[in-house]
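Asker: Mind docking chain B on chain A? Use the hints.
Chain by chain, the residues run as shown.
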Amino acid sequence: MNVRLSYRDAHGARVDAKAVEADQDEPPLRPPLETVRLNLELPDRTVAVRCVRPVDRGAGGLAEGYRRLDGEILAGLRLARLCDGRPYPRTVTRLVGYEADTAAPFALLEPLRGVEVETLAGTLPTEQRRRFQVRLLRAVRLLGAAGISHRGLGPDTVRWDGDDVQITDFSQAALIGAPRTVVGAMPWQAPEQRPETPPGWVRGEVGPNDDLWAAGRLIFYVVTGEDLDDTAKLDARPELAALLAGVIERPERRPDAQTLLRRLGEADPPPRPLAADPAFARGRAEFFAQRRRKHPGTAPDPESPPPPPAPAARPAPPRPRRDRSWLLWAGVAAMVVLAVYLVLGR
Amino acid sequence: MTTSLLHQTLYRWGTTGRLGDLRDPGLCPVASSLDPSSTAELRRWHDLVEPWLRLGDRGVAEPSFFYTAFPAGTAAAGEAVLIRRVQPGDARTASAHLLFGSAGVLTPRLALELRDWTWAPAHLPGRAPMVNPTSLIAYRSGLSDAARTPALRHPLVTLMSRVLAGPGTIEAPVTDDTMALLWAVDDICTVLGSGLRDWDDWRVAFETNDERLWSADPPGMFLRFRRGVPPPGAEPSTRAAALALVRQYVTGGTNALRDLRSSAGLNELDTMAARVDRLIADAPPSAAPAPASAARTPAPAARTPAPAESAPAPPRGRGPARVAAAGTFRASAPSSTTGKGEQVSCPICLGRLDWGGLPLYTYDRGLNQYTELVVPKDANREQRARMTRTASVRCPNPGDTMTAHYLPAGYGQYGSPAVYGFIGGTTSGKTHLVAAMVAAIERGELGGYGITAQPVDLDRHQAFLRDMVRPLFTESTWLTPTREGEVAFADAFVISGGGRQRAVALFDVAGSELSNVGDAKRFLDIADGLVFVADPTRFGPGSLGDPSFNTVLSLLRASGRLSRVSAAIVLNKADLFKFDDPIAHWLTRDSAVLDAAEVLDESADVFGYMRQRDAEAWTRPYLECDRATLHVASATGTDAVERGVRPQRVLRPLVALMAMTGLLTSAEAKDIGI
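These protein sequences, in sequence, are chains A and B.
Just so you know, we're using our numbering here: the first sequence kicks off at 1 and counts up by one.
Just so you know, we're using our numbering here: the second sequence kicks off at 1 and counts up by one.
If you're looking for bench data, these hints aren't it; they were derived computationally from the structure.
Keep in mind the model is a prediction, meaning the values are calculated, not measured.
Each hint can be trusted.
Residues of chain A placed beyond 10 Å of chain B at every Cβ, according to the derived structure:
1) 4
2) 9
3) 24
4) 29
5) 115
6) 240
Pairwise CB distance ranges, derived in the manner of DEER restraints:
7) 130(A) to 597(B): 44 to 52 Å
8) 51(B) to 67(A): 50 to 58 Å
9) 597(B) to 198(A): 24 to 32 Å
10) 564(B) to 296(A): 14 to 22 Å
11) 114(A) to 639(B): 32 to 40 Å
12) 84(A) to 273(B): 56 to 64 Å
13) 38(B) to 118(A): 43 to 51 Å
14) 198(A) to 462(B): 44 to 52 Å
15) 623(B) to 201(A): 43 to 51 Å
16) 597(B) to 84(A): 29 to 37 Å
17) 84(A) to 265(B): 55 to 63 Å
18) 127(B) to 103(A): 44 to 52 Å
19) 542(B) to 115(A): 50 to 58 Å
20) 598(B) to 297(A): 16 to 24 Å
Where is the CB? At the ideal position from N, CA and C, for every residue including glycine.
Chain A extracted, bound-state conformation (with noise of 0.2 Å):
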């Protein structure tokens, strides 16, 4: 089947493109989503893309379909902020382009890479074990860098190539602050998205480390081929034990994914979190100086940099800009001096 497509990219460009449907099967997903191989006839390029769009079956319908395909998009469209134009790593299923605003949406998403690592749990060859979790951790801080959470990682949405992983699935992603859902399934379904969560959790926001509850139990799954389902298994495996301490625990309590990597030696810097566009920021600390001239009691932006203290208040501690002018003239004193002896030996 043949059909023109026009959709936006992940950059938000407009582009038509003849889309012809591959022989090729896809693994099927779950309803209220489907997905079909389609080969994108480009002016450079014919690609290959899984185009993945509501179909009105399985709980929720059509509806639960279009707000499962808008989070696929939305997580798509944020890691392609965070890298900024460059391509992102192909630890997470990119995105190639959507239409979310018509009436048959639909995204275009990389085709799907290596096997479910359900097919290796326990299987894993040794020497693969630690790239897969350096790997996975990477893809893990990477979301976070986005400033989401995929919150359905299990041995079906992560993929192994042999060299690295691929995270699929963003249908049930959120922004990180919003509020937590009941979403995922057992045993993978981190407490705090349990339908009932355990005494003395609340539901509150989606964190940062709400991932790590899933990403741990899999290191362990794969490792092993045992559900992570008591923390008596850990002491049998004690380079496991040390590298998911603390991650069984209230997401508060959990160690991000930062410090898993270091607890494997990998360093490495953290990518810088996706800012907030400063025309924005600039907005909104007129925002605030608007509602103080309206309004003069009232504070001023939360998020600007408090006012130096003043004069009348107590002596301000000396500032190191002043440390650094003293550092300053004696740079130049010392190019006097130079100047000076070279003039004179001369």
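Answerer: Chain B in isolation, oriented as in the chain A frame:
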């Protein structure tokens, strides 16, 4: 989360009940809407109200109503209880029916309105249902007319002088006017101090018919009415201030009190105590008679006729008016004030009405139209009262600007309606936003905020649902934009939940050129709040903004009303930008909680986003209106309505506007838009 439903518990005399066996007989809870699987909550409430459930040796024929709201710092802070206690004979004949729940819902006014409810049915099931005050609308009746009868003026001045002397217990004799006096005192206190820091001390608590020799006093302002006690004397130091307040109230109702509050500079004072002090200090000395004469002020039960100069004009059409048809009466509306005939604003045609004496109509659901209310001649007083409580009045439509429309018979007691207009260009989606808001109200979604809403005119409400809501939500079809040059009434509701009932009217104002439209100017002269609907697809460098925003702001500035109009700027069609920061963040948050800090954060984010998208011109309402908020919303949830319409966050601007225009009076509401 605050619920608008109330719990109920029925107590009967005995030695056993849901709390087990008692050693000595007394009032025991025998039925309750509280969860029967645990007695903890029942025990908690029993312990709270036990002091007011104690019985005297001998009862009286009439029931006694006890009401109190529990102040901050107590175990039941924010909750209130109403007890209807009956003891016609000795203690064995006693029973008590309790309603309790959020003090924002169970107000003194609601407690007084429910005096004629069919209380404590004989066979209340052991697991009684919760009580929805909205569904009791047929049993609720106000006392605005009775409370403002000039004949009540002197006892009211006496009572108010004691109230102004400060929180504490005040005793007065039971009379036929007890309920009306309480209504008046609550009205006056509510206008003066509701929501202020020390409101807990001044909110009226009462017992209407206490025959017991000893009973407990709740903290704060407590008015206890007993049979046979001597009438209180006026408090000399506060009588002049009380007289000034009562004079305003009897003459002009709560609207006049609000004007007094404003003109006397009370709005700038943040405690009731300070406001009372100001009133006492400013009261004209000549108004205060000598203490000796004050002491002779007639008691409520023994009041003397009002002086001739303040006697009411003959009421127009009060009581049932006879019609030719034998065996029936044509009922007429109760006047809102029996004296001078209060002017009431119609929320639909915005005309000023002389309330009172208008014929009553009832909505015939079978015919889907109003028909004149005919009361059978042999109907007794109670039956007649019940029939007229759900009746409506046909607006005489001054100015003949609209087709026939109707208002609830009790509308006169609600004070001036809050009038909100929706401003925005033809493509802004404001018509869809109004439809989505009305649909959400129809679904009862305001209940999450502790607010109940009843349509003012069922006929027009049904028409709006038929013409605007159902096509959008059921048939997924786009609505026709408002025609140019129109200020179109959309719908109106009687809102309760902020302490008192008040009408809210929604108007869809046509897009683009308003300056040529006379009725738009007239509308802006009375509007309390405006929803500026911004179309984000029109943002961009060099844009001059929405012409209708600019025109409205210019008209308001010219009329000097900018500071008196609150604004909610809605970034509509947010679904089209659902992946943008911070739109994506706010679309995930839509809990029915009025949180001033969250509203401020959202306002700052939307303002910042508009600036980021070169849409400075759309932020003008925030810069120019004193109280203003900004919101993320989507009337349809999608640009492809064939996918199904799913509004997002549409009630938040409306609730913010209710807070900014004084319909909601909680401490949180006071900070909205500032």
